[in-house]
Every structure is written in C-alpha cells, then in structure tokens.
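Heads up: the sequence lines are chains A, B and C, in that order.
Numbers in our numbering are just positions in the first sequence, counted from 1, shifted up by 69.
Numbers in our numbering are just positions in the second sequence, counted from 1, shifted up by 52.
Numbers in our numbering are just positions in the third sequence, counted from 1, shifted up by 13.
Since the hints were derived computationally from the structure, they do not count as laboratory data.
We treat Cβ as the ideally placed atom computed from N, Cα and C, and that holds for glycine.
A hint or two may mislead.
Said to hold, decoys possible - Sample of chain C residues facing chain B (criterion: CB under 8 Å; computed from the structure):
id, residue
1, Leu151
2, Gln154
3, Phe157
4, Pro158
5, Ala161
6, Ser163
7, Leu167
8, Ala168
9, Leu176
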Amino acid sequence: MNLTQFLIITAQAGMLVNMMLIAAAYMVLAERKVSAWIQNRLGPNRVGWWGMLQSFADVFKLYLKEDIVPAAADYKFHALAPVISIAVAITVYAVIPWSGPLIEIDGVQYGLAMAPDMNVALLTILAMTSVGVYGVALAGWSSNSKYSLMGGLRSAAQMISYELSMGLSIIGVVLICGSLNLVEIIQYQTANGWNVFYQPLAFVIFFVTALAETNRAPFDLPEAEPELVGGYHTEYSGMKFGLLYLAEYGNMLASSAIMATLFLGGWDPVPFIDEAALLGLDPYSLPMVLIQHGVFVGKAATLVFVFIWIRWSLPRFRYDQLMNLGWKILLPLSLANITITGIVLLLLN
Amino acid sequence: MQIDYIGSLPLIVIWLALGAIGIVIQAFVRDNTRLVFGYYVATLGLTGLAAIVLSGHKGASFGGMITLGGYANYFDALFCGAGIMALLAARPYLQKEESEVDEFYTMLVSSVAGMMLMAHASNLVVLFVGIELMSISFYVMAGFFRTSTKSVEAALKYFLLGCFATGFLVYGMSLIYGGTGSLAYGDIARTVVTQQLTYPTLFVVGTTLLVIGLSFKIAAFPFHQWAPDVYEGAPTAVTAFMSTAGKAAAFSAFVAVFVALLPAGWTSEIAQNQQIVIAVIAAATMLLGNITAVVQSNVKRMLAYSSVAHAGYMLMGILAGPSLGTDGMNGHHAIVFYATSYLFMQMGAFVVVGILERRDGGFLNIDDYAGLHHRHPVLAALMAVFMFSLAGIPPFAGFFGKYMLFAAAIERGFTWLAIVGVVSSVISAWFYLGLIVKMYFQDAKDSGHEAPAGLAGFTLAVSVVGVVFFGLFPQLLINIFRSW
Amino acid sequence: MELQPLLFLVFALGAVISAVSTVTRKNPVSSAMSLVAHFFMLAGLYLTLEAQFVAAVQVLVYAGAIMVLVVFVIMLLNLGNEQALTENRGLRSTLATLIGAVFAVQIILVTVAEPTGANALPSRAVEIGTTESIGQSLFTQYLFPFEAISLLLLAALIGSVVLAKRHMK
C-alpha cells in the first residue's frame, strides 16, 4: 500500500461514514412514517417538507442534551461502548459493494465501495458482526443498572446464539459461488441467477438471524420496554445515546445490504442480461455505476422496509422461545441446508 | 497424497466407533450404561486386535502425518489393553460411588484415541492434537466426582497447569518450525543432522520449551507439582488409568520426538547440552520423587510421588537414545519395556487401592493397610507383588525394566546417573517394602469392611500375570522390539 | 512510499502495549477488553503480512467468539471486588519474578546475539494467505490433523456438558 492509495481510501472512508449517518437519519424517519402509517397516524410532518428534516432536528436536540453518567458507572466503558457499537457498524460498510468499479489508478480499481474485492470480505462481515456484541454488552455492564445489565446479557446471549446460524446459512451461498469475495459472488449471480432462488432456506434463515443480530422486533428483547425500560441504553443520554441508536440503524442497513449482495444479486438489476451492452454504456462509466448503485440501494431499502414492517406487525418473542428458535430450529436447519447443498453440488459436478 | 487405509485401520476404527456410532447409541438409547460399557470394551478390543494384526504393516499414511506399524502399533495395543483394564476396574468403582454415567466411558475411550495419535504422530501438529485429546479427557475424568471438593480441585489444578504446559508445548513447536522450517519429525532430524539449522537459537529455545511441556505431561521435576494433588483428588479408577497409560503415552511421544530432536550420531554442542539438561532433570526427578514419597501417609499420594520417580527412571532411556547398545537394545527399547511393565504394576496397585477405598473416601491412609493380610489375603498378596515389582526386586518385570534403563545409561557414559538411579531405588524400597511390612506384620486396627472386586478382578489378574510373566520372560518383548 | 512496514510497527507496538495492559489491569473487564484489543492488533499484524484469512479468523474466533464468552461470564459473575483479585507480593512471587527476569534477559541476549533478520515478504505470500490456498492445504496435506481435531472438539464438548450438567442422572 502506498501513500496515494492510503489517501484515496481515507477519502472513501470519510464518504462512507457520512453516507451511513445520513442513511441512518432517513431510516429513523422511515421507521416513524411507516409505523404511523401502520397505526393509522400521520407521523412527523412539521420539520421540513413531509418531516424530511425531523431526524436532523432530533440529532441537534441530542447534542444539546446533558450527558448524564450514573454515579457508580464505570465511566470509561460507559463512554467506550457507543464508540465500539458505531465503529463496528461503520466497518462493515467498508466491504459492502455499493457499486462496480469506476476508476483505475496505478492498477487498482476504485468505486463507491472501499474494499469489496477483498478475498475474505464475507469473513470480515461475520467478524465485525460478532465483535458488535461488545458494544451492547459493555453498555449494559458499565451502566451499573439492573435493567441495563439484563439487557446487555440478553443481547450478548442472543447475538452469540444467532451468529452461528447466520454464519452457517452463508456457507450454502459460498459453496455455490465458490468465493468469499463479494464482487465475485455478485458476478456469479449476474451470470447464473440470484442466489435466493437456489438458497431460499438460507435466505429465510439469514433474514431471521439478521433481525435477531440487529436486536429488531420480534427479537428486541434486549430493549424490551415493558420489562427493561430501555435495555442496555437505559442509562444513556445525549449523543452517546444517539450513537447507540445510530449504530442500530446502521446495522440494519448493513444487514439489508449484505442480504441484497448475497441473495438478491447485489447491484445487478436483472440476472442473465448484460445491462451495459443493452443500454450501450461502458460498464465502468459513471451512468452505469449510478444505475448499479441505485439498484443496490433500492434492494437494500426494500429489505429495510420489510424490517420496519415486521417490527410494527409482530409481537415480541419470549426469551425461551427465542433460544429455542435459535438453537433447536435455525441451527439444525442451516446445517441441513449445508449438507443438502453440498450433496447436490457434488452430484451436479 | 496417498492414504494407507488398511494400515490406518486401528485409528479409523476407534475414530468411527467414538465419533459416529458411540454418540448415536448414547443419544438415542435410554438406560444405556451397560450397553455403552460393553460397546466401548468391544471397541477397544477390536482396535487393539487391529493394531496387533497390522503391526507388521509398516509405512506412513496421510501424507506422512502418521507412521504405521511396529512401534506405534505396539503402543496402540498397549493403550487399548490398558483402556480395557481401566474400563473393567472403573465400572465397579463408579457403581460403588453411585456415580456411574455413560459419558465416563466415552471420555476414557477418547483419551485412548488421543494416546494412539501421540504414538502414531510423525508430525508435531498431530502430536499436539493427540496430547490435547488425551489431556482434555483427563481433565474431565479427574473432576468426575463433581460433589467432591478434592476431585474438583484436582480437575481445576490439572486443567490450569495443563493449559500452561500446552502453551509451552505449542510455543516450542512454533520455534522449532522457525529453526528448522518443518514440523515433520523426519525433516527436522534431517535438518539437524546435516547441520542446516537456519536459526540454531530458535531451535534450542524451541526444544527447551518442548521438553518443558512434555516434562509436565510425564510429571518430571520441576514440573511434577500437580501430580500428587491430581492423583490424590481424582477418582481412584481415573488415577489408575492416567498415571499409567497417560505416562506411557507421554513417553511414546517423548521418544518419537527425540528421535527427531536428538538423532542418533548427532554430536554437536547442542546435542550434548540437551543431554545434560535431560540428565539433570532425570536425576532430580528420581531423587525428589522417592524422597518425598517416603514421608507420605496417604497411599494415593505415595503412589503419585513414586510415579514421579518412575518418570525419572524412564528419562534415562531418552538420554541413552536410539543408537543400539551391545545387547542389541537401545535406550528407547528400554523405555518401552519399562513403560509396559510400569503400566501393569502401577495400575494393579491403584486398582487394589480403589477396591479397598470406602464409599466415604476413607481407607486411603497407609496405616489403614495394617494387617490387611488377615482380612483380604488375596488383595494383600497382589499388592505385595506390585510393590515388589515397583521397588525393582527380581523376578518381577519392574526389575528387568530398571536393569535395562541403568545398563543403557551406563553404556552411553552416564554412570553417575545410573548410580543416582540405584540410590533412589534403594530409598524407594523403604516405602514400598514398608507397605508390605504393614500389611503382613502389623495388627489391624479395626475389623475392616467388605471389598468386593467385581469386574476389577479381571484387571488385577491381568496386571499380576503381566508383572510376573514379563519378569520371567522379558525376551518375548525384546524380540518384538528388535523387529521394529 | 510503502506503508506496510510502518503499519507493522504500529500494530506490533499496539500488540505489546495491549498485552501488558491485559496482565496489569486489576479490573477483569478492563483486562478482557485489553485482550480483545490485543487480538485486533494481531489481526492487523497478520494483514500486513498478507495473511488475510488468518486475520479475519483471528477476529472472528478470538475477539468475536471466545472473548465475548469471557466477557459474558465476567459480567454474570459480576467480579466487582477488585481487592480480592490483587496479588500478595510475598517472597515467593518476588523470587519467581527474579528468576523469570533472568530467563527473559537470557532469551533477549541470545536472540540479539543471533538476529533472524527481516526478510522481504516472498512474492507468493499473497497467494498463500488466501482462503483458497489455506483450504487446499487443510484438506490435502493437513487432512489428518484436521479430522483428528473433530474428535478433540467432540471430546471437549462432551466433557464440558458432563461437568456442567445439573443432574448426573
């Protein structure tokens, strides 16, 4: 790696962080709008047209709030936890293939995404998801509050349990595509059709585990309001609370984007068709990259909508039901999926 | 990569029996302790049989990861035999303690699988996996009496110190890799002999760490501290197995590794330093083990310290190395002979202790054995045989083992070490013969209790036959060694 | 300008600092988190040496799975009393420290006397570090230990369940 590369990557990183923050802001708005729609309300409509600036107003408010740290809290970890949460959420964005490559400098291709062409991109995503537990667990522990601790412990247990099924459900995709490289996985799907048709079970498992990993309803036990006040972020206020909140939405978009990449063909609008040739565009040109980016974000946004839809439609699981689902249903199913995929691939070859 | 399936059969049999069939039986059959017990006895029997039948089938398999035939198969058979003996002794013991669980048998057989890997290994990676498989099974078995504080303490001590030793072991292996560029025994030996060590320092430090890690597993000074506590606290049936077969397995690995680290005919300065280090460890282990054993009042502790001392004797064989002596034997043969006879005598002694032990954990003091000869004449006689053999008194197997080790050491110029060995043997006679004197020439303090042997009787019978038979006909084993 | 050596130094320094912090922190959670940081630094070292797969797995397995469980257990046990965890500095520990220091100095002296030197990464390093090449050697050359480890994990699994089970029968 030389200095030019380093500078370009730093710039990309800055861009991605901003992108994530803005996306998270509008996801919060979307959540409130959709929930209002589902509950036959209007939702925020005062700040900006159709409430478009509501989230920014909220963030501004959070900045002005007093940062309260409980007296007996471990202040170092209390401050560290939101940082870990948001850092992990952002790191995943580095490997998501937001679009195809655009320019080439010194033989290295650069696009909207930072490092999608990495050999171990998929493993990195899994690794970062598993590290995300620390943010939640530390937030719960360091607040020195029973509600927070319960929330943190629940969330840690939940994430550990569902991580396994998540990782195993991906293996089917990896077996079919023969790569851990996200760009190669997308290229394979462009040529052979989307993975969701070959791996429907894996897609369902991944979707359910993604709900659990992001602590979304119906698996939002870590912050179950009726029992735990606010779960692990009960004792947080001000922008620390804001960061935890942002990380949650950032994770939601990240898992949607990963699902779009792995199962829905990534930036590919229609499988089996070379869109660039059809439209008469250079595949590395700006319009093509914008189309790809639009398609990708569209797919991810659709999945985010489903996330929100589920949250406002389904009741919450009980804790033992959650564990039973994870260990006794999803885990065996994902193992069966790997076995069947392996056997089928062996027979086809 | 060529795989010799026929030759690897012993390993494959135990692997499938444990990992595929045994698990299914245990998961789906209720009230299965009897079935599982029988199943695992049969498994070990079959594995041992396969090893014996295939002992002439020499070579390597799995791309040179394991060696087959001869030495490795001999140890396979030995471990399987020891495993069967331990299973037979464990069942009545566990029933007496009312804690018979089928998983105990699984752990015991998986530890045998680990030992077999250690004996077959011709690559440090395989050796590591084998050591860990054996050790993890032992940690669990040592803590099997979960309500007994002593058992839990033993398991915890063993686990923590064992993990520490594993750290040394792995770090040593990685440095040896750095120094020689290979993890295969053969490649390491070649590099060492041809003086092509890229970084001799890495090799020396790595060897030292490896010796430390292995010394822990054989409980040699100064890494023996765990042995008395663990052997005392663990269930007696477990101690009987891990102090014998476990030690034999560690020595099988020690021997195989040192064929690579200290090859025959290698006489550089590094080799001489290695020899001196091991000689000092051996001398200290023998003396310390025996002297400390003299003052023990608990039988299990006394046997534990004596087992430390026996590790010291066997280390002499490592020193003598693989070059053949005038009698056609080398130091490694002496170790194998000693490990075999030690297995029979020490396991027999511990099984007697286990039979006599009361449900409440009583009857473990040496004073309790006073007048044993009146109440349990057979057990007392057997114990006397095992004690005579452990002390190295002819015509029992222990005598010939010691003789071979001392002779091998003298032949390589380590006369001083042999003298230390003889002196410490004399010290050991004090407590071995002391126990016999107690049993036969002192009066009992209480009226005693019932001590049915049950299945453990088979184990005792095999042990005593082994001790006497190999004492009378050592040539039978020696002929096998010469065929390797 | 190549940044790799610089990054290597940064990660190496970070690894040493976090390792020291792991053993010197008195608060168990601080200690555990220092260890997590250490694993990240190690992953960074692997990355600068082109071992991408090992780096990812290092984070995934050690930082993401094992240490999470460690932190989880520390929180469940709620080891708040730091006084109980402080070591008593007696004669024994002083002696041990002294002997350990002597050994450490010896090792440093010996390695300084015979430096292994820094070699440039072989050009094959990038290929060796990929998932494909590791998978290849795992399923060919190292097939036997790979399969043997399955038995090891099985034994550990059964063992831990047996020891943790509420009722023996």
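Status of the hints after comparison with the structure:
1. Leu151: At about 11 Å, which exceeds the 8 Å cut-off, the nearest Cβ of chain B leaves the hint on Leu151 of chain C violated.
2. Gln154: Check passed: Cβ of Gln154 of chain C comes within 5 Å of chain B, closer than 8 Å.
3. Phe157: holds (4 Å)
4. Pro158: For Pro158 of chain C, the interface hint holds, since the closest Cβ of chain B sits about 5 Å away, which is under 8 Å.
5. Ala161: Holds: closest Cβ of chain B sits about 5 Å from Ala161 of chain C, inside 8 Å.
6. Ser163: Result: holds, 7 Å to nearest chain B Cβ.
7. Leu167: OK, holds: Leu167 of chain C within 8 Å of chain B, min 6 Å.
8. Ala168: Holds: closest Cβ of chain B sits about 4 Å from Ala168 of chain C, inside 8 Å.
9. Leu176: holds (6 Å)
Hint 1 from the list above is the single one not met by this structure.
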